[in-house]
Structure formats: structure tokens, C-alpha cells
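A.B. asks: Turn these sequences into a full structure, and let the hints guide you.
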Amino acid sequence: DAGVIQSPRHEVTEMGQEVTLRCKPISGHNSLFWYRQTMMRGLELLIYFNNNVPIDDSGMPEDRFSAKMPNASFSTLKIQPSEPRDSAVYFCASRLNYEQYFGPGTRLTVT
Amino acid sequence: GEDVEQSLFLSVREGDSSVINCTYTDSSSTYLYWYKQEPGAGLQLLTYIFSNMDMKQDQRLTVLLNKKDKHLSLRIADTQTGDSAIYFCAPCSARQLTFGSGTQLTVLP
Chain A
1 DAGVIQSPRH
11 EVTEMGQEVT
21 LRCKPISGHN
31 SLFWYRQTMM
41 RGLELLIYFN
51 NNVPIDDSGM
61 PEDRFSAKMP
71 NASFSTLKIQ
81 PSEPRDSAVY
91 FCASRLNYEQ
101 YFGPGTRLTV
111 T
Chain B
1 GEDVEQSLFL
11 SVREGDSSVI
21 NCTYTDSSST
31 YLYWYKQEPG
41 AGLQLLTYIF
51 SNMDMKQDQR
61 LTVLLNKKDK
71 HLSLRIADTQ
81 TGDSAIYFCA
91 PCSARQLTFG
101 SGTQLTVLP
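Chains as they are written, first to last, in the numbering used here: chain A, 1 to 111; chain B, 1 to 109.
Check each hint, because a few of them may be wrong.
Unchecked claim - Listing some non-contacts, in silico: residues in chain B with all C-beta distances to chain A over 12 Å:
| # | residue |
| --- | --- |
| 1 | ASP16 |
| 2 | SER17 |
| 3 | THR23 |
| 4 | SER27 |
| 5 | SER28 |
| 6 | SER101 |
Said to hold, decoys possible - Straight-line Cα separation of at most 20 Å, DMTMM-like style, residue types lysine to aspartate or glutamate; simulated pairs:
| # | chain 1 | residue 1 | chain 2 | residue 2 |
| --- | --- | --- | --- | --- |
| 7 | B | LYS36 | A | GLU99 |
| 8 | A | LYS78 | A | ASP57 |
| 9 | B | LYS56 | A | GLU99 |
| 10 | B | LYS36 | A | GLU44 |
Since the hints were derived computationally from the structure, they do not count as laboratory data.
Glycine residues also receive a C-beta, built at the ideal position from the N, C-alpha and C atoms.
C.D. replies: As C-alpha cells, then:
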């Protein structure tokens, strides 16, 4: 298996623009997680899905952030409008039973 | 919520053993993970231990769990330069992992 796939790997955008991050989980995994990593705050869980259903989105910073999982093989995290403080590395992870695997991350820079 | 504490830095000589420590607060953590992150990369799952175990060994890695003290450690035997990375402890409770700040391991030649 190719592992968790994320795109794009790098994104540079201007403040106010819409940003969409994409994730393809490992086939057969039934849980999917979105995390954000910054120097100041470390790794934070934003939202997670179980069987494509959002279970806990309490980590989503504000209404500018939204996430969807239309099917078992695809998820998106959208930021609209983006702000400089959203600059971070965003990770997607998928899990089956006790093993949770991370994607390579998307490095987002908002100028 | 869960608090997870780790030392920020650890330096060891190549060939020595490394021990990375972690303390956590949520006694309901059912299983506890160790991840490795190299620069510019995602988190690599190294190993995990169930809360009803005291120890788990996997090749050069040994995990020790003291549930009473809520203390978890990762020992890396015969540490190599390729082991230089950030190591994260992550207890799991209610299906969610809470990550520590990470320990930067530097292996000196």
C-alpha cells in the first residue's frame, strides 16, 4: 500500500484566499484524522471521522475551517478565508484497529 | 484533558542506549504510542503498548509502562545516527491520541 497520501505537499497562498487540503487514507482504514503542527502549539487534533462520519470537531479552530469525507477514500480540509496564523503543517492520518499512520503532511504558508 | 510531558532534548553517543521518558495524566489511556519524526517528514509509528502490559520489546526498541506513576519510556539499544529525530509519546483515550511536545534525540559520533 502507498500509505496515506496528501496533496499538495506545499501550498503558498495570500491572506483571504481559500485553501483546500486533500487526503487519501490507507485502503480499509475506517478512521481518519486531521492534525495541525506548529512550533508554538505542537500537534493538535482538528477533527476525526469514523466510517466517514465526523465524530469530534472540537479542535477545529473556528468557522473558517471545515472538513468533509464524502467517501471512504477521500477527505478534504478547507480554510476560507485563510489567515497568516493558519500557517502550519497539516497532517492527515488513518487508522485501523490500533495502528494509526500519518501522511507526509502539507506545509501551508499564508502571506 | 490529557497532559503529556516529555523532555525537549536528549544527546547520546553512537552505540549507547537512549532512554526517552514521558509522563501523562489520563489514567484511562488504553494504549500508548511512540512515533518518530524526521525533519520535513510525517510521523512514523514505531511501536505501541496496551495499558495492561508492563513491557514490550521490538528489536532494538523496549517500551516500559508504569501505569501507577503514569510513566512511559522508550529505550533504543545500540543507538545509530539514523535514530536522530524527534520522538513523540502519545497516549490514546476515547480513540484520540494526545501528543507530547516531542524529544529531540541527537546521536553524536
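A.B. asks: So which of those numbered hints doesn't the model satisfy?
C.D. replies: 6
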